[in-house]
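Novice: Chains as they are written, first to last, in my numbering: chain G, 1 to 94; chain X, 1 to 472.
Just so you know, not all the hints are guaranteed correct.
The calculated EDC-like cross-link candidates involving lysine to aspartate or glutamate, where the alpha carbons are at most 20 Å apart (straight line), are [claimed, not checked]:
| hint | chain 1 | residue 1 | chain 2 | residue 2 |
| --- | --- | --- | --- | --- |
| 1 | G | Lys-72 | X | Glu-345 |
| 2 | X | Lys-452 | X | Asp-393 |
| 3 | G | Lys-57 | X | Glu-52 |
| 4 | G | Lys-57 | X | Glu-173 |
| 5 | X | Lys-319 | X | Glu-173 |
| 6 | X | Lys-216 | X | Glu-167 |
| 7 | X | Lys-3 | X | Glu-163 |
| 8 | G | Lys-72 | X | Glu-292 |
| 9 | X | Lys-87 | X | Asp-272 |
| 10 | X | Lys-128 | G | Glu-12 |
| 11 | G | Lys-10 | X | Asp-264 |
| 12 | G | Lys-67 | X | Glu-28 |
| 13 | G | Lys-18 | X | Glu-190 |
| 14 | X | Lys-140 | G | Glu-83 |
| 15 | X | Lys-128 | G | Glu-73 |
| 16 | X | Lys-288 | X | Glu-52 |
| 17 | G | Lys-67 | X | Asp-29 |
| 18 | X | Lys-30 | G | Glu-73 |
| 19 | X | Lys-30 | G | Glu-65 |
| 20 | X | Lys-87 | G | Glu-74 |
| 21 | X | Lys-382 | X | Glu-352 |
| 22 | X | Lys-30 | G | Glu-74 |
| 23 | G | Lys-67 | X | Glu-31 |
| 24 | G | Lys-72 | X | Asp-84 |
| 25 | G | Lys-72 | X | Asp-29 |
| 26 | X | Lys-30 | G | Glu-12 |
| 27 | X | Lys-87 | G | Glu-12 |
| 28 | X | Lys-358 | X | Asp-396 |
| 29 | G | Lys-67 | X | Glu-52 |
| 30 | X | Lys-285 | G | Asp-64 |
| 31 | X | Lys-216 | X | Glu-109 |
| 32 | X | Lys-369 | X | Glu-345 |
| 33 | X | Lys-114 | X | Glu-159 |
| 34 | G | Lys-32 | G | Glu-12 |
Label pairs and their in silico Cβ distance ranges [what the hints assert, rightly or not]:
| hint | chain 1 | residue 1 | chain 2 | residue 2 | range |
| --- | --- | --- | --- | --- | --- |
| 35 | X | Glu-188 | G | Asp-36 | 52 to 60 Å |
| 36 | G | Thr-40 | X | Asp-95 | 37 to 45 Å |
| 37 | G | Val-66 | X | Lys-382 | 48 to 56 Å |
| 38 | G | Val-66 | X | Asp-95 | 47 to 55 Å |
| 39 | G | Leu-19 | X | Gly-134 | 31 to 39 Å |
| 40 | G | Ala-44 | X | Lys-113 | 25 to 33 Å |
To be clear, the hints were calculated from the coordinates, so they are not data collected in a lab. For glycine and all other residues, C-beta sits at the position ideal for the given N, C-alpha and C.
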Amino acid sequence: MDIEIELIRKLETLALLKLSEEEENNIINDIKKILDFFNTIQKAQLSDVEPLFHPIKSTHLRPDEVKNGLTKEEALANASSVEGGYIRGPRTGE
Amino acid sequence: MVKIGLEVHVHLNTLNTKLFCSCSSNYEDKEPNTNVCPVCLGLPGALPVVNERALTMAVMVATALHMEISHILSFSRKHYFYPDMSKNYQITQYDGPGSTAIAYNGWIEINGKKIRIRRINIEEDPAKSIYPTGSILTSKYTLLDYNRSGIGLLEIVTEPDLENPKEARQFMEVLRSILEHLDVTNFELEGAMRADCNVSVEGGERVEVKNVGSPKDAEAAIAYEIARQNAALRSGVKIRRETRHWDSIRKVTVPLRSKETEEDYRYFPDPDLPPYYIPHETIDKIIKSMPELPESRIDRLIKQYGLDEYQAQVLVYQKQLADFFEEAAKEYKQYKRLANVIINEVQRRLNEREIELKNSKLSTEHLIKVLAMEDNGSISVKTMKDLIPKIIDGIDPEQYVIQNNLLIITDVTALENVINSVISKNIEVVRKAKQDPKVVDFLVGMVMKEVKKRANPKQVYELIQSKLREIS
Ligand SMILES: [Zn+2]
Chain G
1 MDIEIELIRK
11 LETLALLKLS
21 EEEENNIIND
31 IKKILDFFNT
41 IQKAQLSDVE
51 PLFHPIKSTH
61 LRPDEVKNGL
71 TKEEALANAS
81 SVEGGYIRGP
91 RTGE
Chain X
1 MVKIGLEVHV
11 HLNTLNTKLF
21 CSCSSNYEDK
31 EPNTNVCPVC
41 LGLPGALPVV
51 NERALTMAVM
61 VATALHMEIS
71 HILSFSRKHY
81 FYPDMSKNYQ
91 ITQYDGPGST
101 AIAYNGWIEI
111 NGKKIRIRRI
121 NIEEDPAKSI
131 YPTGSILTSK
141 YTLLDYNRSG
151 IGLLEIVTEP
161 DLENPKEARQ
171 FMEVLRSILE
181 HLDVTNFELE
191 GAMRADCNVS
201 VEGGERVEVK
211 NVGSPKDAEA
221 AIAYEIARQN
231 AALRSGVKIR
241 RETRHWDSIR
251 KVTVPLRSKE
261 TEEDYRYFPD
271 PDLPPYYIPH
281 ETIDKIIKSM
291 PELPESRIDR
301 LIKQYGLDEY
311 QAQVLVYQKQ
321 LADFFEEAAK
331 EYKQYKRLAN
341 VIINEVQRRL
351 NEREIELKNS
361 KLSTEHLIKV
371 LAMEDNGSIS
381 VKTMKDLIPK
391 IIDGIDPEQY
401 VIQNNLLIIT
411 DVTALENVIN
421 SVISKNIEVV
431 RKAKQDPKVV
441 DFLVGMVMKE
451 VKKRANPKQV
461 YELIQSKLRE
471 IS
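Chain G on its own, in the form it takes in the complex (with noise of 0.2 Å):
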């Protein structure tokens, strides 16, 4: 698969991410070899194996009982900006 400019700056929008050229050069070559890695992967004969999604096979439920989660403080610690007990986010309108 051709990792071109195009699919990189795609990409970029989805995730809102501005990267520079050099970066945008950098991560096309990273995903280039992350790529390759799976080709060598995708060679190996598996016809006979069913995919597997998950090593775990099975989990568990929860009961649906409260328990108390985070104070206001420690739940407000690691935003970088705090208003009123909200925690401040970029604009989503246009």
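Fit chain X with the ligand to the supplied structure of chain G, relying on the hints for placement.
Specialist: Okay, now just chain X with the ligand, sitting in the frame of chain G:
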């Protein structure tokens, strides 16, 4: 031909906890960001664990909608970047490799027609966004409250089988009734039910209308959208595929900015949530424990109380009315009459006031008193109807009737006095009445007006007739 499909989101707000963490699902009236934990804040390393009652509820809803239930419970990540979703993906279900929705291929019957349901997804709600200026367009930033983040939702998706706005409304009403009977959703809580409506008219592409908050709004939004699309086509404008937003205040749809297409969400099975194999016995046990559903309740109301199908449907599709009816029917045995008064008079007055039965002061005791007074001839039909808004406000009808002189005058002497006074003032009319029986009705009307309709018109007619015979 119009094609309408719905994606209905309902809150599993009768759960005690959120979908993947043990925070309370009751987020109303709480200080922002005080009902959170590492899981629903999306902190790195926090591990989600599925609420077992969420599965129970999904299985019940799927059964009620006649669906095939998956034997694996699996979750996928849907990626998008928005401030209300701090981990940059929503945990939902997806029909793809290694993942499946909880249920497929169901239906709801509306007026004898089957509306097919494609699938149900279990998913989490994002955080609540507050716009400081009140508008998404003019706000320079977004304020976020994660109290709601992680609340369990069901996304119920229909095939495009609905053909007009009224059918869409009825579909949502029936669905709402099913969810109420299963006690899955409390519809008194804000945002309990939201729908995205897909509408396409002949010759145009599919338009999605988001943010529709009630069955009534669905009817209005779809009607607006059909009219808008047809008007555009008539003037030669093409209908492109787009997403619009329902403005419930102005009652119009407005365009939204284009969002990612399906493949851009980059779905994949969530590595944090291994699949859960649902044992057959678990599904059997859930199905056996299910409460009475609207379909069987309608049948029961017809058999047990002799209601007709229309009455039973109207009551059951608004569960509060059916509950109220059955409560009153313990004491008041003229069931059809009781149903009629609830459906016609009570419902109309509640609608006028825009309040729900549950939030009014209406008691079965007061309604029965009103009906009994009309039954034994103490009040007129008109007074009975006039009393309904009073008892909705919690006023005792018996006291009200006495205080406001609303009891019917059956005393002959009292009525004769009124008749004599009317006759003496209308000698000319009386003369005509002797030749023309139609004019007698006019005199009856005068008397009824004089007693403010608090008399039996038949009795008044007979009294006037005998009076006329006396005069001649
Ligand atoms: Zn939590």
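Novice: With reference to the structure, classify each hint as holding or not holding.
Specialist: Hints and how they fare:
Under the criterion of a C-alpha separation no larger than 20 Å, the hint pairing G/Lys-72 with X/Glu-345 is inconsistent with the structure, at around 50 Å. Pair hint X/Lys-452 plus X/Asp-393 does not hold up; C-alpha atoms about 23 Å apart against a cutoff of 20 Å. Annotation: proposed proximity of G/Lys-57 to X/Glu-52 holds, straight-line Cα distance about 18 Å (limit 20 Å). At roughly 40 Å between alpha-carbon atoms, G/Lys-57 and X/Glu-173 are farther apart than 20 Å, so this suggested pair is violated.
For the hint pairing X/Lys-319 with X/Glu-173, the CA-to-CA distance comes to about 10 Å; that is within 20 Å, so the pair holds. For a cut-off of 20 Å, the pair hint linking X/Lys-216 to X/Glu-167 stands: about 11 Å separates their Cα positions. Restraint check for X/Lys-3 and X/Glu-163: the C-alpha separation of about 5 Å stays at or below 20 Å, so the hint holds. With a C-alpha separation of about 42 Å, the suggested pair G/Lys-72 and X/Glu-292 falls outside the 20 Å cut-off, and the hint is violated.
A hinted pair counts as satisfied when its Cα atoms are at most 20 Å apart, and X/Lys-87 with X/Asp-272 qualifies at roughly 13 Å. Between X/Lys-128 and G/Glu-12 the alpha-carbon distance is near 26 Å, which puts this suggested pair outside the 20 Å criterion. Distance check on the hinted pair: G/Lys-10 and X/Asp-264 sit about 10 Å apart at the alpha-carbon level, within 20 Å; holds. Between G/Lys-67 and X/Glu-28 the alpha-carbon distance is near 17 Å, which keeps this suggested pair within the 20 Å criterion.
For the proposed pair G/Lys-18 and X/Glu-190, the alpha carbon gap of about 38 Å is over 20 Å, so the pair is violated. A hinted pair counts as satisfied when its Cα atoms are at most 20 Å apart, and X/Lys-140 with G/Glu-83 qualifies at roughly 14 Å. This hinted pair checks out: X/Lys-128 and G/Glu-73 have alpha carbons roughly 19 Å apart, not beyond 20 Å. In summary, the hint linking X/Lys-288 to X/Glu-52 is supported, as the alpha carbons are separated by about 17 Å, within the 20 Å threshold.
Distance hint between G/Lys-67 and X/Asp-29 is fulfilled; the C-alpha atoms sit about 19 Å from each other, no more than 20 Å. At roughly 15 Å between alpha-carbon atoms, X/Lys-30 and G/Glu-73 fall within 20 Å of each other, so this suggested pair holds. For the suggested pair X/Lys-30 and G/Glu-65, the alpha carbons sit about 19 Å apart, so the restraint of at most 20 Å is met. A hinted pair counts as satisfied when its Cα atoms are at most 20 Å apart, and X/Lys-87 with G/Glu-74 qualifies at roughly 18 Å.
In summary, the hint linking X/Lys-382 to X/Glu-352 is supported, as the alpha carbons are separated by about 18 Å, within the 20 Å threshold. Straight-line distance between C-alpha atoms of X/Lys-30 and G/Glu-74 comes to about 16 Å, which keeps the hinted pair within the 20 Å bound. Among the hinted pairs, G/Lys-67 with X/Glu-31 is consistent with the structure: their alpha-carbon atoms are about 18 Å apart, no more than 20 Å. This hinted pair checks out: G/Lys-72 and X/Asp-84 have alpha carbons roughly 18 Å apart, not beyond 20 Å.
Annotation: proposed proximity of G/Lys-72 to X/Asp-29 holds, straight-line Cα distance about 15 Å (limit 20 Å). For the proposed pair X/Lys-30 and G/Glu-12, the alpha carbon gap of about 37 Å is over 20 Å, so the pair is violated. For the suggested pair X/Lys-87 and G/Glu-12, the alpha carbons sit about 17 Å apart, so the restraint of at most 20 Å is met. Only pairs whose Cα atoms come within 20 Å are accepted, and X/Lys-358 paired with X/Asp-396 is accepted, the gap being roughly 18 Å.
In summary, the hint linking G/Lys-67 to X/Glu-52 is supported, as the alpha carbons are separated by about 15 Å, within the 20 Å threshold. Between X/Lys-285 and G/Asp-64, the direct Cα distance comes to roughly 18 Å. Compliance with the 20 Å bound is thereby established for this hinted pair. Straight-line distance between C-alpha atoms of X/Lys-216 and X/Glu-109 comes to about 19 Å, which keeps the hinted pair within the 20 Å bound. About 15 Å separates the Cα atoms of X/Lys-369 and X/Glu-345, which keeps this hinted pair within 20 Å; it holds.
For the proposed pair X/Lys-114 and X/Glu-159, the alpha carbon gap of about 11 Å is at most 20 Å, so the pair holds. At roughly 17 Å between alpha-carbon atoms, G/Lys-32 and G/Glu-12 fall within 20 Å of each other, so this suggested pair holds. Range check, X/Glu-188 to G/Asp-36: about 57 Å between beta-carbon atoms, so the 52 to 60 Å window is met. Taking 37 to 45 Å as the suggested C-beta distance range, the pair G/Thr-40 and X/Asp-95 does not conform, at roughly 30 Å.
Restraint check, G/Val-66 to X/Lys-382: a C-beta distance of roughly 53 Å satisfies the suggested window 48 to 56 Å. One distance hint, 47 to 55 Å for the beta-carbon pair G/Val-66 and X/Asp-95, is violated here, with the actual separation near 32 Å. Taking 31 to 39 Å as the suggested C-beta distance range, the pair G/Leu-19 and X/Gly-134 conforms, at roughly 35 Å. Restraint check, G/Ala-44 to X/Lys-113: a C-beta distance of roughly 52 Å breaks the suggested window 25 to 33 Å.
Violated hints for the displayed structure, listed by number in ascending order: 1, 2, 4, 8, 10, 13, 26, 36, 38 and 40.
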